[in-house]
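Visitor: One-letter residues, chain by chain:
Number of protein chains: 2
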Amino acid sequence: MAYQSFHPPVRTLMGPGPSDVNPRILEAMSRPTIGHLDPAFVGMMEEMKDLLRYAFQTDNALTMPVSAPGSAGMETCFVNLVEPGDKVVVCQNGVFGGRMKENVERCGGTAVMVEDAWGAAVDADKVDDVLKANPDARLLAFVHAETSTGAISDAKALAALAHRHDCLVIADTVTSLGGSPLKVSEWGLDAVYSGTQKCLSCTPGLSPVTFSDRAVEAVKKRKSKVQSWFMDLNLVLGYWGGEGKRAYHHTAPINALYGLHEALVILHEEGIEHAWQRHQDNHLALRAGLEAMGLSFVVKAASRLPQLNAVSIPAGVDDAAVRARLLQEYNLEIGAGLGPMAGKIWRIGLMGFASNRTNVLLCLGALDAVLGDMGASIERGVAVGAAMQAYTQASA
Amino acid sequence: MAYQSFHPPVRTLMGPGPSDVNPRILEAMSRPTIGHLDPAFVGMMEEMKDLLRYAFQTDNALTMPVSAPGSAGMETCFVNLVEPGDKVVVCQNGVFGGRMKENVERCGGTAVMVEDAWGAAVDADKVDDVLKANPDARLLAFVHAETSTGAISDAKALAALAHRHDCLVIADTVTSLGGSPLKVSEWGLDAVYSGTQKCLSCTPGLSPVTFSDRAVEAVKKRKSKVQSWFMDLNLVLGYWGGEGKRAYHHTAPINALYGLHEALVILHEEGIEHAWQRHQDNHLALRAGLEAMGLSFVVKAASRLPQLNAVSIPAGVDDAAVRARLLQEYNLEIGAGLGPMAGKIWRIGLMGFASNRTNVLLCLGALDAVLGDMGASIERGVAVGAAMQAYTQASA
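Residue numbers (this note's numbering), protein chains in the order written: chain U, 1 to 396; chain H, 1001 to 1396.
Here chain U stands alone, though its shape is the one from the complex:
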């Protein structure tokens, strides 16, 4: 059998990530590979740490990308900070809180869950009650921006609560980094992980993390070894840490790091506040269009993520058929629901480079055409106009 090179179709990625990648990033990734201990590469690593500090709005010394996807970034936080017997308060209001629980338990810890409805923000009062009832808890873990539902929680308030109860804070910022206000140091988030394929518009495969000095202290004071060799920060820092000699730990994913560096340069050029505002503006336009069409949001307005719009699938409409037609006829990918939301919602991403007017108009136009053709009871022909009006209002 003869095998051929793989030439992917050109899609517009408006799901929960990966999002459309800026062509500058794709080009950067195709530059010549050099060694992971090459002085030129080491210089780039130092610059990348600075750029990540800017993206996370932190001055944490330990700020670097884990050489694996966001779920490995999550695991890096948990395996380094949770020791057998530790009690961790975990907030769950979607898929990723459940994954945090799995991580705690696989580290030999006990997870005390604070449950909120899928689509709701984490309720700080409930968290306070649970922290009061569990004075021996060492950590509070929550998801800042729940990718499975499109809800944002008040990370600043939750972190303040945790510190009042002498807990360190682990925060999932996979979908918020670069898309929604996130101020790691000002808010006091201690161990934070993210992903590259959401609002940084980079390809998937890396997980930026940042640890406060308090968190680093806790890692250094562990009684037991970190159970993962690959994710043990004491070892990883021999390569990524400090200014001095770099010891080989694993071979860094050179070209993927070229891509992330370029993504961070782009974010820095735009300015992070401008990026946040752009996400908000495009969200409001998409929202105006979707609501004009008669579609409704899953999350209430105050907790809505601009970069991930979860809408209810209209009654009688075939979820998979709509997504398949959008993909086939418009090369447009939107996301399905996860877990209990499967078949009930769509997740429409406006992340990073994909958060732009062209995508808003394409998505509204394509949904209008496909849903209309399939006989869904929507208001036809009004969505794009409503979105344009929202843009006009925003710039007025």
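It should be emphasised that the hints constitute simulated quantities derived from the structure, not laboratory data.
Predicted, not measured: the structure shown is a model, and the values here were computed from it.
No residue lacks a Cβ here, since even glycine has one placed at the ideal position from N, Cα and C.
Keep in mind that the hints are not guaranteed to be accurate.
[Unchecked claim] For the chain H half of the interface with chain U, some residues (derived, Cβ under 8 Å), not all of them: (1) Arg1011; (2) Glu1027; (3) Ile1034; (4) Asp1038; (5) Ala1068; (6) Thr1203; (7) Pro1204; (8) Lys1225; (9) Asn1234; (10) Gly1238; (11) His1250.
[Unchecked claim] Think about it this way: if two alpha-carbon atoms lie no more than 20 Å apart in a straight line, the pair counts; the simulated EDC-like pairs of lysine to aspartate or glutamate are: (12) U:Lys223 with H:Glu1105; (13) U:Lys156 with U:Asp125; (14) U:Lys300 with U:Glu115; (15) H:Lys1220 with U:Glu102; (16) H:Lys1245 with U:Asp59; (17) U:Lys156 with U:Asp59; (18) U:Lys101 with U:Asp129; (19) H:Lys1225 with H:Glu1105; (20) U:Lys245 with H:Asp1319; (21) H:Lys1225 with U:Glu105; (22) H:Lys1223 with U:Glu105; (23) H:Lys1245 with H:Asp1050; (24) H:Lys1183 with H:Glu1273; (25) U:Lys225 with H:Asp1050; (26) H:Lys1225 with U:Asp319; (27) U:Lys223 with U:Asp213; (28) U:Lys225 with H:Asp1319; (29) H:Lys1225 with U:Asp86; (30) H:Lys1223 with U:Glu102; (31) H:Lys1225 with U:Asp125; (32) U:Lys49 with U:Glu270; (33) U:Lys220 with H:Asp1125; (34) U:Lys225 with U:Asp319; (35) H:Lys1245 with U:Asp319; (36) U:Lys225 with H:Glu1083; (37) U:Lys225 with H:Glu1102; (38) U:Lys101 with U:Asp136; (39) U:Lys223 with H:Asp1319; (40) U:Lys245 with H:Asp1318.
Position chain H against the provided structure of chain U, taking the given hints into account.
Guide: Here is chain H on its own, set in the frame of chain U:
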């Protein structure tokens, strides 16, 4: 501060990996990103599994790339197969056997070490003795091609021994895959991991693995949960396994996978036996040149890896200064020694795309010039001629 795009220097990579990346692979990585559940992507994944089976010479159903570097591939094998209390016989004849021991212990197992000198092959007789003395051992782990020393061990004989003692076999093939004969199914290797940045000439960041049905059975029969959520094959297979519906586990590193697919297509086009032969031919030419110059190999001829040539640094020569000059004056990277070999050896890689005549001649010429200039006692002006003679003999 203004940050600029990073433009790496163009190097020739003749260290222990990453090796020179074929431009076809760099170009493939820059193709448009699509979703990890896109039907077009899923089709590519199936083809990649077939291509990996060809590279590993196996028909193992569970054959896929782990979404992280080789050290995560190693950890994937150990965390899935080692349960707390398990006894594992680990062969150490270089850096990576020591890393295996760390993995066993972090999984709660006990490692019984079989030590051989750095630079020697694993001694099968010693392994046999240790297996006899430890009838309760469940696993034998060894490194097929030791990247830290350039020695190859007899994987077939070691696997046969292990099975005679009812042990499963974990084999590190990071440096052998695509460069030296490796026949996973014929030899009975049960859990095998590799890397992309050696003889596959791809960028670093992924770790191909393959598990025999016996090994999969063992993973399924575990009494305890796999301690890593990210590496738990029971979960990963929901995405990579089977022909049916794919469940989201983590977001696959899409563009890195485009690159690996292209690397495997290239290997298939060349034919794996031809690739093995090419590595051997270029090794013999490099060896003729190095020996003519008066440099000597660390590993005895019978155990030498063609793709990784460890040579002793001549007395009185400054290791770091030579490597720095090769890099600055010739854009040529060769590898330093690791651990106890640091400062004593150089590791000259001829891996994958980098295993070619141009690189052999460049390396010999540059070493001749730099070592000569630094006053090392070498035979000057003969290395390239000796290499060319070896090529002529090989093609005769």
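Visitor: Run every hint past the structure and note whether it holds.
Guide: Verification of the supplied hints:
| no. | hint | verdict |
| --- | --- | --- |
| 1 | Arg1011 | holds (5 Å) |
| 2 | Glu1027 | holds (6 Å) |
| 3 | Ile1034 | holds (5 Å) |
| 4 | Asp1038 | holds (7 Å) |
| 5 | Ala1068 | holds (4 Å) |
| 6 | Thr1203 | holds (4 Å) |
| 7 | Pro1204 | holds (4 Å) |
| 8 | Lys1225 | holds (6 Å) |
| 9 | Asn1234 | violated (12 Å) |
| 10 | Gly1238 | violated (13 Å) |
| 11 | His1250 | holds (4 Å) |
| 12 | U:Lys223 with H:Glu1105 | holds (15 Å) |
| 13 | U:Lys156 with U:Asp125 | holds (14 Å) |
| 14 | U:Lys300 with U:Glu115 | holds (18 Å) |
| 15 | H:Lys1220 with U:Glu102 | holds (18 Å) |
| 16 | H:Lys1245 with U:Asp59 | violated (44 Å) |
| 17 | U:Lys156 with U:Asp59 | holds (17 Å) |
| 18 | U:Lys101 with U:Asp129 | holds (19 Å) |
| 19 | H:Lys1225 with H:Glu1105 | holds (16 Å) |
| 20 | U:Lys245 with H:Asp1319 | holds (16 Å) |
| 21 | H:Lys1225 with U:Glu105 | holds (10 Å) |
| 22 | H:Lys1223 with U:Glu105 | holds (15 Å) |
| 23 | H:Lys1245 with H:Asp1050 | holds (18 Å) |
| 24 | H:Lys1183 with H:Glu1273 | holds (11 Å) |
| 25 | U:Lys225 with H:Asp1050 | violated (38 Å) |
| 26 | H:Lys1225 with U:Asp319 | violated (34 Å) |
| 27 | U:Lys223 with U:Asp213 | holds (18 Å) |
| 28 | U:Lys225 with H:Asp1319 | violated (34 Å) |
| 29 | H:Lys1225 with U:Asp86 | holds (18 Å) |
| 30 | H:Lys1223 with U:Glu102 | holds (17 Å) |
| 31 | H:Lys1225 with U:Asp125 | violated (34 Å) |
| 32 | U:Lys49 with U:Glu270 | holds (18 Å) |
| 33 | U:Lys220 with H:Asp1125 | violated (42 Å) |
| 34 | U:Lys225 with U:Asp319 | violated (47 Å) |
| 35 | H:Lys1245 with U:Asp319 | holds (16 Å) |
| 36 | U:Lys225 with H:Glu1083 | holds (17 Å) |
| 37 | U:Lys225 with H:Glu1102 | holds (10 Å) |
| 38 | U:Lys101 with U:Asp136 | holds (17 Å) |
| 39 | U:Lys223 with H:Asp1319 | violated (39 Å) |
| 40 | U:Lys245 with H:Asp1318 | holds (17 Å) |
Against the hints set out earlier in the document, violations occur for numbers 9, 10, 16, 25, 26, 28, 31, 33, 34 and 39.
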